[in-house]
Structures are given as structure tokens and as C-alpha cells.
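*Asks:* Spelled out, the chains give:
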Amino acid sequence: MDFDAIVVGSGISGGWVAKELCERGLRTLLIERGRHVNHRKDYLDFSPPWELPNRGLVPEDEIKEHYAIQSTSYAFNEGTKQFWVKDSEHPYSTPDGRTFNWLRGYHLGGRSLTWARQSYRYSDIDFSANKKDGHGVDWPIRYADISPWYDRVERFAGISGASEGLEQLPDGQFLQPMELNCAERAFKERLEKERPTRRVTIGRCANLSEPTEEHIKLGRGPCQLRSVCDRGCGYGAYFSTLSSTLPAAERTGNLTVITDTVVESLDYDHAKRRVSGVRVIDANTKLRRSFQARVVFVNGSTIPTAQILLASRSEYFPNGLANRSGAVGRYLMDHVQGVGAIGTMPGFLDRYYYGRRPTGIYIPRYANVTEDNSAQFVRGYGFQGKGERPSWDRGVDQVGVGAGLKQGLRDPGPWQMLLYGFTEMLPRADNRVTLHPTRTDKWGIPLVHIDCTHGENDLKLAAQAKQDAYDMLVAAGCENVRNLYPEISPPGSCVHEMGTARMGRDPETSVLNAHNQAHDVPNLFITDGSCMTSSGCANPSLTYMALSARAANHAADRLASGDL
Amino acid sequence: MSVVDQKLNRRAMLLGAVFLVGGAAALTRFTRTSSANPARGPAFSADQFALLEQVTEVIIPATDTPGAIGVGVPVFIRDLLMNWGSPQSRAEIASVLEAIEQRTWAKHGSRFLELPDSQRLDLMRSYDEDSIKSHDPAYRKFKHMVLLGYYHSEIGATQELRFELVPGAWRSCMPLNEVGRATAFWT
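Sequence lines, in order, name chains A and B. 104 is the number that the numbering used here gives to position 104 of the first sequence; each next residue is one higher, with no gaps. In the numbering used here, each residue carries its 1-based index in the second sequence increased by 564.
Hints listed in this document are in silico derivations from the structure and should not be mistaken for laboratory results. Don't be surprised by glycine CBs; every beta carbon is placed ideally from N, CA and C. Keep in mind that the hints are not guaranteed to be accurate.
What the hints assert, rightly or not - If you want the footprint, here are the derived chain A segments under chain B, 3+ residues with CB under 8 Å:
1) 51-58
2) 179-186
3) 344-357
4) 396-407
What the hints assert, rightly or not - Here are the simulated distance ranges between beta carbons:
5) T453/A / D628/B: 16 to 24 Å
6) F46/A / R735/B: 41 to 49 Å
7) S147/A / K705/B: 28 to 36 Å
Given these sequences and hints, build the entire structure.
*Replies:* Next up, the structure:
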């Protein structure tokens, strides 16, 4: 054996698995398909606007040629471009007339560098939802199974937030919360009075409001309130693979990292019921080789993980590795985006803020929790949002030129309140990733074909979230309230894709067991978004972290006891 | 040749030069000066660039802080159109300058550059108001470039407005007069 363990993918979940396995003394190989990124050195976080050649704008022709899909992300700009794939180099296929926005970056650390850092626990309302309403299969775990692992990953990652005592959004091990600004405080006070079933809290985020000794030992420092997180942070103030899990894994001496190495498929030895090899292609030379280890974790992210399993066909798994159930690639989910509202909060014109806070406000789910919407739909939605005073950019759409315009823009504009809905999506078998029958990428690997649509319940939730965003701003006293988007965004846009190798109790209908272990292949584990049995409505990364740490320690236990 | 004829001739020359910018084929006839992207010609003739300078300075004039020319907005827009802008964007910006020149001619019978300052301001006021009320996308793009070029320049961000590269603290609710002015980042 070359290694005790192989981890495929270095994003949020893969980084966590590598850290935990290395800390358990396992010689671990971490394989990343993209290029190496140097923490700090490769970031553009110290470039003020006037030092970026095009003041943050990516050339129009370059977007058209290379970034038509990636550029739909709010986080795509001149300072972050290096962390997004070129669509021209990494094509995928969708059915005619159906869009799926697959937003991603192929480099060490993956999307842990560009994530929005919002970190929420799922609750038993989420883990029991499928069983309760019959959509999807039952999760094989409950909150009590994952709760200690949430504790562990929150302490290590560093999550800033406020405790609220809510059943639907359990509290965690929080660093001190960042404060609401003046308008947000008024919004919270008025909304909670007008709508007592709803709550406004500060966004829980993976930014170090106050680093602990553990963080400082890893070279991480406190958040400097710059809000250029998605360029990478030289202070290591937000959680990423590069700032956190990778240095923790490296200091054990047990980690080997290889980059520019694309995993093509996994070999399966039926006599031993094990993954016997990881087949890779050098991204530059295109040379093929293979690695062996006692245990393999696939953390390629939801769509590539399904792609790897589907491409790993054998006599015993003709439809793809660990796919006896036929669930691999199916039940693809995202959160529905593209609903929101904005309004002007009157007053507070003599108040402002200093610093650029890297989080906003959060309104946890209330639909079918503290309010009964069961006649309309199942599940629910939450909201992110913020209060802010716009700066010079409002001058673009205002009438006025000359000294008057200049003088007027010296003051910040009136307070604006914004709300953005995040809607749960049900698992449906038709939402599916398959391998394209004929087209391949430049390494000869079949392209993925992504067929995903929003279902009836998803659309009902989104429509109600849109209405609620509007109503809540009005209820809180905002003026000139209007909805933000003419229509919802295509699936994928929320970059919360999940579900293509779901956990479950029954090997006939699910891929992974309660420890993220493939039902039929004991040395194969999957802890990225593909393991998700339902989507909840909160941002999922913290749950991937907790499941990753839990599964990695389970695997280490089994290796130690000789069961693997 | 009468004064009017001279003006007409100058106008024809000027408009001709402006129109050339919109045509990709014509671009190759311009002297190539861009080091960043030598495959593209300059976005503006000398006449157009002079017009661009004066129009941007009317939009953001020098007061107790420098104006658009003082912080290099015209150069920024020229470079942006060479390094960032698509042929369509270059044509749109050229069309804005052309429309301003045409309106000047229609109203005053002269070139924009020949107007006294007060008339330049009046003309841009009315052009700005009409363009914004009619949601003219080309003018919106132009005005955005002018404001971006100004407020995200070092002077615009740090002298005219406030900008801290490393704020180091979050003060969530404080008197505006202690900050003084709007911050340049609008995230």
C-alpha cells in the first residue's frame, strides 16, 4: 500500500477528512485536480481598487469566451478570477432549454477559498423531514449523532455568531457575534414585534471575531473587517482549507499533497469488496497512474463525485461503483435563489458604520416551524440580508452632474434593507447527473450531463419567500419596497449542490450508511455534499465539515480495530 | 468660407472620427499604442479624447478636491475600453460622446469644446437628465465608468471619500460626522 488513506478533493470536506485522518496517525494522500495555491502569497487581498488593472472588472470578451457561467456569481471579479474555472476548458452538458449553473474552482482548497462562510447547524426538523412528509428516504442519523461533531468543527473553524435558543437552528460553539448596525437593529426590533414567530440574528460566519489559542497556533489572526474574503485572506481570518485544515494536517507529518491530478475512476476488487485503486491522470502531461490505500474518501464535490462513481464500472457494479441502488447521480438538489426584496429604512441619517463586516443578518426558517403552512407546501426557507448605506455607485442612476453630484455623494445614501431567500429543494429522482454518452473532456473523461429542474413544492416555497421578503420589509417600516429579481435563478446558482450519493438506512435506495460509508464497499467513504439526504434551507458547509470529521474518525476507528 | 461653414466642416470631421470608432474594421487604421493589448487600436482619436476629458470634468469638476481630469478619469476610460471593453462597449461610449457633440451643435451651433463652462454644465445637465429618464444603457455605462474611475482612484477613494484598506475594527452604529464621509467600497 502506498498510503493508509486517500482523499480525493481538497475543498471544505476533503480538507477536513485529511486533517482528521492525519491527526489519527494515518499516512494520507490528498489529491487535488487543480493547481497549487500558496496561502497568502497568491491572494490579491492587499490590492486596493485602484491597483487592479480594470478596477475589479473582468474584460467583457474574456467573460464571453471563458467565463459565461462562472461570471454569474456575485463573487466573480478581477480579484477572484483565479479561483474560478474557465467554462471553455471545463464543459458540461445540459438538456436543451434547461440551465444548470455549475459554479466552481479547480485549485488547492477548492471553493473553501470563495465560499460565503455562512455556517449553520441543521436540526432534527431537517434530519426527520423526509420521514415525516415522505419526500426522499429517511436520514440514517439524527441531530444527537452529529451534534458533538458540530461542536468540534465549530471550535476549530471558528464560527462567529449569537445564540438564539431556536429548535430549527441549534446554537453552537460561537465566537463573539459581530454587531448589527443601526438599521438592522431597528429592523429586528420592529419585525419581531410585528411578526413574533420570526427572528432576526447576525449571520453566523466562519470569520475569527476573536481567535483562540488553537487558531493562533495555526497562524490565523483576527478578522480585519476588510470584506475581501473571497480573494483569500492573508490573515487567515476565515476558515479555508489553506488557512486551517491543511496546515493542521501538514504539521502531523502524515500528509502528502499532489495537485494537477485528475481522478478518473476507482478500481474495485470484488473478492475483497474493496476499492483497490484510485486511477488518476496528470492534468498537464496526461500520463495515467494509480494509487492504493486501505481506505478511500471521495470529496470531489457533489457533481464530480457522482461522475467518478458512475465512471467506475465493473462486472459487479455495471452502473457505477456503489450504485446497486441506482441512486448515484440522482436526487440532485440546490437551494432556490433569485427571490428577495429591498426597501429604504427611513431615519438614522446621522448614523453610519466603520469597517466592512463580512456577514449580514439571518432570518431562520419559520415556515412550517413556528408558522403552519402545511396546506400550501412542505419544508421552508430562510433569509440572509443586510442593512447598508449605499455609496457613490448610487450616483450612476441618479439625475445630476457637476459639483452638486460630487457634493451629494460625499454623504452615504439613505439606509437600505435587503433580504434574500434561501429555499429548500426536495430530492427528486429526475434531478440527475449522468455521463454524456459521447462527449469527453480534454483528458478523455466523459462529460457530465446535468438535468435539474425546480419542482412544484420548490417553486411554491420560492414564491412565498419572495412575498414574505416584501412583506417583512413593509412590516418593519421600510419605504419604496420592491422585489429584487424578475424570476428565480436556474438550479446550481446557489452553489449548494448536493444529494447525488445520498445517505440512507436501506442499501436498496441509498448509497451511504450512517457513517458516510458506502453500503456495499466498506473502505469507500463520501462526505462532500453528495451525501446529503435532504437539503434543508440553511447553508450546508458546516454540516459537510461535521459529517467529514465524524466519518474520518469512524474510519480511523475501524482501521485501528482491524475491521477495515 | 463662412464661420458656419467652417463649423460644419469641423463637425463633419469630428463626427466622422467618432463614427470610425464604432467600426471594428476601421480600428486597424489607427496608430497602435496600447501596450496591454496590442491587438486593439486606441479607443479614441485626439479630438475625441479632448472631448472625453472635458465631458468627464463637467460631470466631476475640480472643487476643493481634484476633478475627473485631475485623478486621471479620461485615461482610465481610454485604457478600460482598450483592455476591458468589448467592441460593443467601445461603440456605445463613442455614441455617447457623439450624441453630446450633436446636441451641442443643435443647441449652440458649435463644438462642446468651444462652449464656455456654464453652457457645458447646462448642456450636460439636460443630456444626463434625458438619458437617465429614458434609461439609455450606453449613457449608464458611460456614467458608471466616470464614477468608477473617479471614486475608485486613490484620490477619489481616500480624499474625496473615505477608504481604509485594513479597517481593523467594526463599529456598527456611530455618528456619521465621526466617519466624515461615505466609504468608497460599496459592498
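*Asks:* Decide, hint by hint, whether the structure agrees.
*Replies:* Hint-by-hint comparison with the structure:
no. : hint                        : in the structure
1   : 51-58                       : holds (count 6)
2   : 179-186                     : holds (count 5)
3   : 344-357                     : holds (count 9)
4   : 396-407                     : holds (count 11)
5   : T453/A / D628/B: 16 to 24 Å : 57 Å, violated
6   : F46/A / R735/B: 41 to 49 Å  : 22 Å, violated
7   : S147/A / K705/B: 28 to 36 Å : 52 Å, violated
The structure does not agree with the numbered hints 5, 6 and 7 stated previously, though it agrees with the rest.
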